[in-house]
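Undergrad: Those protein sequence lines, which keep their order, are chains F and E. Position one of the first sequence corresponds to residue 701 (this note's numbering), numbered consecutively onward. Position one of the second sequence corresponds to residue 349 (this note's numbering), numbered consecutively onward.
Worth flagging that the hints you see were computed from the coordinates, not collected in a lab. A portion of the hints provided could be inaccurate.
A few chain E positions that, by computed beta-carbon distances, are all more than 10 angstroms from chain F [unchecked claim]:
hint, residue
1, P378
2, K429
3, Y460
4, V500
5, T553
6, K871
Chain F is faced by these chain E residues, among others (derived, beta-carbon under 10 angstroms) [as the list claims (entries may be wrong)]:
hint, residue
7, P495
8, P498
9, P501
10, F502
11, I503
12, D504
13, I550
14, C551
15, Y555
16, V587
17, S590
18, G856
Positions of the beta carbon are idealized from the N, C-alpha and C atoms, including for glycine.
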Amino acid sequence: MTTLNTANAVGAGDAATVTATATANTFHILRLRLQKKEHGRFISHLDLMRAFERTVRRLQLPVALTEGFHPHYRISFGPALPLGASSSAEYCDLILTARPEQSALLEKIGRHLPPGLSLIDGSYIDNGQSLSDFIMRASYRVRLAIGDFATAEELIALGKRILESEQFPIETETRKGLRTIDLRSGIDQAQWAVSGEELICDLFLAAGSANNLKPQDALIPFIRKGAAPNELHRAGLYGKSGQNWADPFGNVLLKWPEVKIEGE
Amino acid sequence: MAAFDVIGFTLQYELSYSNILYMLDLAGIPLQAAQRSEKDPLIIAGGPCTYNPEPLADFLDAVVLGEGEEVIVEIAELLRKLKQAGAPRREKLAALAGLPGVYVPSFYQVEYAAADQTLSFVRPVKPGIPERITKRIVQNYEAAPFPVCPPVPFIDIVQDRIALEIQRGCTRGCRFCQAGMVYRPVRERSPEKIKQLMDANICSTGYAEITLSSLSSADHSCIAELAADSIAQYGASGVTISLPSLRADAFSVALAEKMESSGRKSSLTFAPEAGTQRLRDVINKGVREEDLIDAVESATAAGWRSFKLYFMIGLPTETEEDLEAIGALARIVLSKARAAVSAAGAKGKNSVVTVTVSASTFVPKANTPFQWRPQDPIATIRQKQDLLRRVVRGRGIDFQWHDPETSFLEAVFARGDRRLGAVLEKAWRSGCKFDGWNEYFDFDLWQRAFAECGIDPTFYANRQRDYQEVLPWNHLSAGVDRSYLISEDQKAGQAALTEDCRTGECLGCGVCQTLDTQPSISKAVDTP
Numbered sequence: 701m702t703t704l705n706t707a708n709a710v711g712a713g714d715a716a717t718v719t720a721t722a723t724a725n726t727f728h729i730l731r732l733r734l735q736k737k738e739h740g741r742f743i744s745h746l747d748l749m750r751a752f753e754r755t756v757r758r759l760q761l762p763v764a765l766t767e768g769f770h771p772h773y774r775i776s777f778g779p780a781l782p783l784g785a786s787s788s789a790e791y792c793d794l795i796l797t798a799r800p801e802q803s804a805l806l807e808k809i810g811r812h813l814p815p816g817l818s819l820i821d822g823s824y825i826d827n828g829q830s831l832s833d834f835i836m837r838a839s840y841r842v843r844l845a846i847g848d849f850a851t852a853e854e855l856i857a858l859g860k861r862i863l864e865s866e867q868f869p870i871e872t873e874t875r876k877g878l879r880t881i882d883l884r885s886g887i888d889q890a891q892w893a894v895s896g897e898e899l900i901c902d903l904f905l906a907a908g909s910a911n912n913l914k915p916q917d918a919l920i921p922f923i924r925k926g927a928a929p930n931e932l933h934r935a936g937l938y939g940k941s942g943q944n945w946a947d948p949f950g951n952v953l954l955k956w957p958e959v960k961i962e963g964e
Numbered sequence: 349m350a351a352f353d354v355i356g357f358t359l360q361y362e363l364s365y366s367n368i369l370y371m372l373d374l375a376g377i378p379l380q381a382a383q384r385s386e387k388d389p390l391i392i393a394g395g396p397c398t399y400n401p402e403p404l405a406d407f408l409d410a411v412v413l414g415e416g417e418e419v420i421v422e423i424a425e426l427l428r429k430l431k432q433a434g435a436p437r438r439e440k441l442a443a444l445a446g447l448p449g450v451y452v453p454s455f456y457q458v459e460y461a462a463a464d465q466t467l468s469f470v471r472p473v474k475p476g477i478p479e480r481i482t483k484r485i486v487q488n489y490e491a492a493p494f495p496v497c498p499p500v501p502f503i504d505i506v507q508d509r510i511a512l513e514i515q516r517g518c519t520r521g522c523r524f525c526q527a528g529m530v531y532r533p534v535r536e537r538s539p540e541k542i543k544q545l546m547d548a549n550i551c552s553t554g555y556a557e558i559t560l561s562s563l564s565s566a567d568h569s570c571i572a573e574l575a576a577d578s579i580a581q582y583g584a585s586g587v588t589i590s591l592p593s594l595r596a597d598a599f600s601v602a603l604a605e606k607m608e609s610s611g612r613k614s615s616l617t618f619a620p621e622a623g624t625q626r627l628r629d630v631i632n633k634g635v636r637e638e639d640l641i642d643a644v645e646s647a648t649a650a651g652w653r654s655f656k657l658y659f660m661i662g663l664p665t666e667t668e669e670d671l672e673a674i675g676a677l678a679r680i681v682l683s684k685a686r687a688a689v690s691a692a693g694a695k696g697k698n699s700v701v702t703v704t705v706s707a708s709t710f711v712p713k714a715n716t717p718f719q720w721r722p723q724d725p726i727a728t729i730r731q732k733q734d735l736l737r738r739v740v741r742g743r744g745i746d747f748q749w750h751d752p753e754t755s756f757l758e759a760v761f762a763r764g765d766r767r768l769g770a771v772l773e774k775a776w777r778s779g780c781k782f783d784g785w786n787e788y789f790d791f792d793l794w795q796r797a798f799a800e801c802g803i804d805p806t807f808y809a810n811r812q813r814d815y816q817e818v819l820p821w822n823h824l825s826a827g828v829d830r831s832y833l834i835s836e837d838q839k840a841g842q843a844a845l846t847e848d849c850r851t852g853e854c855l856g857c858g859v860c861q862t863l864d865t866q867p868s869i870s871k872a873v874d875t876p
């Protein structure tokens, strides 16, 4: 795979100082990593949250409730994924009022998730940041059909041009209408490889509350050149651990993430 | 779909009939039962509209009257055996006709009188076919199977919650209400059974809302304890409990308040159905103005600010005075609610009260005391709606009404006969579908279909029928005696009330004798 640029681009700044989500010792945070595959790709972010909440209720887990007249389970999810994308990085935090034994609990949750969703990993997090405070980067693998309007070389040259520029403004459609965003500031790293009629792109993008680039927006210049995404997969979510990038369980990345998709 | 052995349709609403033809066509199944071959599935219908399925007689192989829990198993076992034996379609239909509660329309012959176009007779074409089909009920409601593991969709659907049926039937005896007549007798599930089903459903689905459904859930003799217990058990895990409809009285409001303990209250709906006490007595709707005011005052005190009042227009014996009284009642509700709001010292946005009046059009239904009564012609309904628009007005009052054409078509099919089959097919072929949806409903197409078939729809909707007339559904019984329906219709003429049979005394509607059963109430209580 041709690495075009591995230097850190303009980032979102260091993570906020560590704040414990659970204010009292009586709460226990169980962090889970879920996978969306096959038909699960067509479960939207809101539907995913509801499906997970129902799974938890079926199991009658000791989840803490929000205050107020309409109490809800205290469950928080990482950043939303576009509908149609698969993912092996759907993280969520479950705030529990008790601490059931971890492996049995994980086994139980994994067994009761609906088809299309599965549990990859999970662990109690004792001194962590909330997912929304922690997450700053997301890695994606996109398989782009090259199309008839541009060659693979031209698409790679376009990618190179984006990474070498100071700014790369594009227009994108938001709920509030057309808006110009700077693509460059949201792309940390990217690499491309040609595989048959497809261009395989691995993207390491800004994600989270400070700066966020949607993968579908990152692809706009390529789509305008006739490329069409065949598949979009989120491989990981990351935040800062000291000077390094780490996943939400604290596993430090020694080099920038290799995208691994189950089944490849 | 065509690969199934049997396909079942629920006849929930007359205006869904065109969609049944549409679905059959999309599945590549011949529309007419007579044209189906050995390889085609059997098309069976159930549901409330089966108490007059005659307009669909051409399209249905069989119809099941009444409760399905037991008969559906009998049908499946019978058909499985016959399929294994390689029995032809005709033999399967004959076997189905032998099951109690199953009606096979093709085994009946109908004839019309040349003089007035009414039915001369409906009778079996061969021996061994019953002259009269009586609905089925489950022998033991408490033990009847209830789904505890329903499919749970990912997307946010309408009615995205557990609907737990806590009782069947209703004893209020409103004379226009088909459900109130055909689902008799009233049977309650015990609180223990309800809690057990609730638990099983929550554990299998994970739903956060349960509605305790029935025709009149506040009538369940244990509803107060049931509500309190369920909230105590599930409230802490974020599960909300709700009731589908409310009676207009303070008891029901207290119940709703217990369940909806939220800060912001949505609107409350009551159904007085008619504007004057006289007309409410005619339809045997046991709601008094005092009850309604009581309900509104307690609801306002509990925090509700928005009320919906449902009325029906075109009821038998209705006069202008009854319609004007709808406006007066809406104003009384508004002023009582406003007084209660200012007494509570509410200010600003929280002091704004709204009353929405919704007026639907009366549709006489088969197997009710009003089955002989005419529906008001479309022009009359329009005049009545004009009058209502003049009298139901003012700040804080909103008025909603329905297209009279829709209700007219509903009335035609609700009491239609087999001659409407041709109209239905023609209308569907000319493009009618989703008739229950305003954006699809095309009354002109329907009128053309009636004209082309030489059928006058007002014959079905707007004609006063004689007690002696052979009605298209005469051979189909919901268990309630014809003589009881007649006596109820006559009492309506005198605005005389009929009691609720929950209070103990049998009213002689005949359902318990016909079906060899009895009402089952968990706990004897004084009905409010």
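Undergrad: Which of the stated hints cannot be reconciled with the structure, identified by number in ascending sequence?
TA: Hints 4, 5, 7, 8, 17, 18 are the ones this structure does not satisfy, whereas the remaining hints hold.
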